[in-house]
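> Since the structure of chain A is already known, use the hints to place chain B on it.
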Amino acid sequence: MGNKQTVFTHEQLEEYQVGVGGRLFYRYQDLAPQLVPLDYTTCPEVKVPYELIGSMPELKDNPFRQRIAQVFSQDGDGHMTLENFLDMFSVMSEMAPRDLKAYYAFKIYDFNNDDYICAWDLEQTVTRLTRGELSAEEVTLVCEKVLDEADSDHDGRLSLEDFQNMILRAPDFLRCRFRPRDGNSCCVI
Amino acid sequence: MLRAALLLLLWLLLAAAGATDEPTQESVPLGEPPPGLALFRWQWHEVEAPYLVALWILVASLAKIVFHLSRKVTSLVPESCLLILLGLVLGGIVLAVAKKAEYQLEPGTFFLFLLPPIVLDSGYFMPSRLFFDNLGAILTYAVVGTLWNAFTTGVALWGLQQSGLVAPRVQAGLLDFLLFGSLISAVDPVAVLAVFEEVHVNETLFIIVFGESLLNDAVTVVLYKVCNSFVEMGSANVQATDYLKGVASLFVVSLGGAAVGLVFAFLLALTTRFTKRVRIIEPLLVFLLAYAAYLTAEMASLSAILAVTMCGLGCKKYVEANISHKSRTAVKYTMKTLASCAETVIFMLLGISAVDSSKWAWDSGLVLGTLFFILFFRALGVVLQTWVLNQFRLVPLDKIDQVVMSYGGLRGAVAFALVILLDRTKVPAKDYFVATTIVVVFFTVIVQGLTIKPLVKWLRVKRSDHHKPTLNQELHEHTFDHILAAVEDVVGHHGYHYWRDRWEQFDKKYLSQLLMRRSAYRIRDQIWDVYYRLNIRDAISFVDQGGHVLSSAGLTLPSMPSRNSVAETSVTNLLRESGSGACLDLQVIDTVRSGRDREDAVMHHLLCGGLYKPRRRYKASCGRHFISEDAQERQDKEVFQQNMKRRLESFKSTKHNICFTKNKPRPRKTGHKKAPAVILTVESEEEEESDSSETEKEDDEGIIFVARATSEVLQEGKVSGSLEVCPSPRIIPPSPTCAEKELPWKSGQGDLAVYVSSETTKIVPVDMQTGWNQSISSLESLASPPCTQPPTLTRLPPHPLGMEETQVPLDMSSDPHSSFAFPPSLAKAGRSRSESSADIPHQQELQPLMGHKDHTHLSPGTANSHWCIQFNRGGRL
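Each protein sequence line maps, in turn, to chains A and B.
Every letter in the first sequence is one number past the one before it in full-length UniProt numbering, and letter 96, counting from 1, is 96.
Every letter in the second sequence is one number past the one before it in full-length UniProt numbering, and letter 447, counting from 1, is 447.
No lab work stands behind these hints, which were simulated from the structure alone.
Mixed in with the good hints there might be a few duds.
[Said to hold, decoys possible] Partial selection, computed: residues in chain A whose CB lies under 7 Å from chain B:
| hint | residue |
| --- | --- |
| 1 | 66 |
| 2 | 68 |
| 3 | 145 |
Think of the CB as a built atom: it goes at the ideal place given N, C-alpha and C, for glycine as much as any other residue.
Chain B on its own, in the form it takes in the complex:
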């Protein structure tokens, strides 16, 4: 069963070709005549093992769902407790049915398959800066604390036995107790993570307890192995050199493990540098190499936990920069899924294993003594070490922190797996140790896990507050790192900042150059990165606020998961995948203008303006091995263009006066106030073509100018078809009409050719300048003299991509397409927007609602980018 568990987890890990692992061949007994063609054959035994594993995981997942049905239960009881209890129940059922204990937690499975995903997850997502800032404290607790716990617990238990409080049937000497002390003393990362993630203590406290639980693995492994070999040798044969070897092996195991991890991190980063054409393989590489690091360290009997932690910690920066956005999401989700799956299974199997009474033997003195000693010595150790550390720490750990740290020393599956591994012939008291370990694990996970939350609340431990990371913070943190490093340099003090500064320079000069793609390296600049992320967050919060707009279209926003990172992707994904059929602005079509409509309209505009490619259609991916486009680059472009748009809007406000003089505004007619008018920006034919031309369009860094004439133009009958396209100063009032204010796609954009001032070019990147200038000149030439437009239009070359051929005819008055009759209203001069090509698909989405569209695309047709100018005339008569 558990071998099958290995298979299945491997299968999950590889996420591919799992079928080959399963025995699928038909077994026809030799020597017997074939029984003929069987219509139906039951082959339970061939699928039994993987089937059972899958079933167990399924049960665990279903249990999780059930637990989370009631918010009240999960807020009071940590999930790990519930899972252990469930395991107990299930184990009892199995025991009752099968009359023997099955499906237990076996050390092999645990160490090879269940532990790595959890450690990788925690290492990869470890906040590295926080970790290194507190490295001193973490190392002290992990090394000194663990040694202290192991020795004091072992010796105290031995003393307990000498004093006769432990029944004499527990046959154990000092070495046995030391061995037991070493395995019971280590704080368990799985248990700590499971409990502390729900408690939300402040970051420093969390990183210290959690970092300790990760790093003390090396110490535990060494202590355990040394003690174990001493026990096996027999205490008489142990020589002084063996003790020295034991100490030396501590360094070998820990540093060796870390080195293995770093080597693999380097390999991983280097490999992902070259995956540009096989994006699909990127997540797989991350998992494979991290797992390889774990196995390699395990093979060399180094600290595997340390190896995989360092691998995750070391590679993250480079890998995240190299792999595509989608791969990043895939890595994140898969890692979290695997870790949560492994954690669930561990706790459940722990519960099941405890039921098997054949393995353990009870001794009250030992159990109670151990419980008391581990709690007491942990607390004592923490207080002593903290006292020493506080002499050096800037922010001393206060008493409350110490209480939480002592109380948070949870023991878990690592201790259990280690105690199961003991050899009964060499350690006669194994059964007692097993029982004690189980009690200790259950006590710490259930009792302490249950009470730590009220305790934290009662003590008013500083919780972690999720403040938004601001650009300022990032900026000043960088600056201060530099300043402090400079001060340290000047006074010749080689402190923490000195080394960090050195490291950063080394990283920048050599490592990043070597391990990052050139394009990624450029993007990776942290300040820009933060800026980019902030922008995305802004966009998401827009969506968040506009939730009801979405739901009206049949979409619901997912409740934000607790991890922000997850939320980021899910919302955008949802929006992207929501399909073309849904229209976001049903209400806007409604002619009744209420406050709510207006609000919706504003929301819609926020969506239009704030969303990055809200709903994008991808070209159907053509193969399993390739992901067609690089979303990352596209989004970078988008972010940039988005900001340009914002800039343009701010220009609008500053330039408003000029706008008036240029366009000779005239007072808006009151009659237009109530007229619901829609200005259409969408081309009728584009939709069919868009799918095919989408990719091409995205490659362009096109900025689309949309100049609009209004129905008013038509209404007054003064305009010939050819003239309409031009924003005539006389007819078109620049001030926004009521409808403009109300209609989302117009609000905030109610200005004119003014945008095209020379200043706007400042924000255009240099490589876009030529195209920009061309567009401006063409637009201006269009705009200035009313009567010269038709020639201007004809001068311009047709769109190079040919996507708008059908719309080229300028004769608007004959336009028969409109299916909605919108009352005329709304004058609007030419409007120019610079926006990403993303707007094109976005506009398409609006199209089904607005029956009518006509437009003209003009493109100066530069070689690399096309600048298309759209002239849209508003609704019809």
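One chain only, chain A, in its complex shape:
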């Protein structure tokens, strides 16, 4: 995905502006009306800075907002182009294959971008999830247990393979209950 041209043809624009894509496009445009032009055929180099996304009132309590933005933005800085924005929606939509979801979930977990979920990554996750209510020791214990459960090759960290195995084992996990309101035409990848 990240390598595609960000210049949209008229047909594509048409498509985005009518269906779900349209809703998404206007939403994207709403995020930064002064930055994002309505005419996308000419001005592809637009990014909505993370500050605008992260400061959305709905998101301010979400512990993973920064991480999500980072993972889906092209260069990992959290600033999102329209394409990133649509990608994010697509990956999390119902139509996206499970492996793709698992891949992005893995990336979201992998805080230090080393392609492994290590204890530190897990600690970050647990700390965020519990909003700092567990003491450091408890977090460590929980992380240890999590690693212990899923680490099939016993290297003390979870590879993507471990992660996918674990997800396959849980029957209804990642069956992503997210479904866009107006049908299933939002797969853009």
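Positioned in the frame of chain A, the structure of chain B alone reads:
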């Protein structure tokens, strides 16, 4: 009789002071001279009513026992069928003996006393996440499906009558048939629960059918009442506004019922927040307030089933967090007992009621027509609704699911009670309706109940698989909720996750703060909670695997009940209550070392290490009104300490090299291989004192270091009494001896002062750090130079609790206590374990077997916690 049933059930419910309800006063006829003192007086009539109720319940329970004697029968036939058949037989007997039908299911009893426990049970233990995930489907089936069933069945029956297939003596108009349709169309929660719990279909299917049966109560009640009042008014007098009112009342009844339930759930949660000092009352509160919710809704003619369901569903999270562990068990058991009792009685009374032929009149056309229509329209309704729902569902319900859903639409006692409530003067065809209802109920419960299991098997419906919930799952589920909510937020789509996220934040910010104790609120964090539960499960599985160890001591593990939750408590309880007399490791004493012994020893160690307070003696509880200790907190501590122990063991393996350099190991002597040696960790005097000091000890978060010297030390005669306590580098080999490997209480702990590395402090909670450090320093100072120990020992203050005074003398060589002569063996350096205070009682249990013990307790005596260091010397010469 049935009023007495009410009394008795109330009595069960209150579980207290039942005696006051029963008429106990002596009746001396006035006006007659007292007959003098009677030695014996027969007062049957005064106890008759409650006595009969108790007898009926007893009969039902005995019948249940008999049914379950044969596994084959119960696996083929649902219990509800058996109970109905039993009811038929009993009813026949009663009818034959008394010449009149007695002991029937009366609507009042049913709605006020028999139904609430079942609904509360199902609401309280409803998997809430699953329920809300499928709420849309459940609501559709419950509302639209029930309306559809009622109208189509009613109209079709009316059409049947118009076409002349129903005998003309059934005098009923369209409204009568609609009324009948409304009461016969509702799927019954009791019947569904009874059958589906045994079938084990997958969770989604179960929650949809069962949720529907719970929620359609509101619709049924409204339809029934509206139709009933229309019938009573007469069809000519019904005006258009009445129809509108009928529709409006649907919302009033359902939403009002739910609101009543939520209000009471709030009250309940709030009340349990303040029961810290009266733990004993907690289960009672749960039942009382839930019942109050039911009665209140009933009083306001709202949907009582919905009220009590919502009450159970809403309060569970907070109540479970607030009440103590024991109360939780009590609530669980009492709820299950009451529900099962009520269910049994309902089915049995259904059977008995059917025998009374005076109440019903048969019409084949009506009966067969109804049977056909309810099956047909249920199936049609399900297919249509599922088709619509599948447009919106991520996981569509496939054809097989639909078949099971249509076939699982069982009718039950609710329909029967409602039809009995009809007024014969207003509904002339009541007798026919009663007969038809009975046939329908019997057909659905017996025929469908019997066949649904083979059907499910034949269709290969996805069964529910009991996989262990893993911490990963919990963690990732949470994370994904957040991620999906974030995505919904970003794209501005206010979907399911959006609202759930909002709700969770609201709950966290306000509700939980308000309704949970502060301590509970902290513990309640779900991830930690899961972690905690997993640990307990691990411990239980240890016990499970080690079953033969237990049985050798005269204990038997109970067969695991089907509900996991029950198993959890029963095993631990059993272990706790097993008394001090039993010793778990009889075989280990045996000098013959076989493979089995070794296995047993390993098991024993697993027990030692994996069990949470395996056998604990409680201080005798001093009053009825107080439960002395908070088991929950204690267990939390335990879980934590348990994990520390595990951590320490992993440190051991990583630090093994250091261990060697520090302690200058020397090769183990072969001569020790076969010597069965026992190292004793138990103080002789402690046992007597333990009972009294137990509670104090538990309050401490003490970590006990046990440093052991071995008999080898004595054997070589190099050690004076004062020196023995120190792990001398020269004498003590760090490598585990054979006996160490074999002896459970040593295996896995065969290392040394190494434990006390600075790294271990990482896992000690901050508030324990000081004590930990103190202990380490004192231990290290003991361990390093062999000759300086005695001074070190004396420096340390005596134990503040004074429990070990008698053992303080360090002169071990003079120890006369040993009753067993163990060959010398086994060198072991000081060993440090961090473990919970629970280990103390545990060690006591070992004590009777090992005659000999000597030890020294050292305690730096910090203010809040005591850190006692035990030095134990092994067996004697």
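> Please write out, lowest number first, the hints stated earlier that are contradicted by the structure.
1
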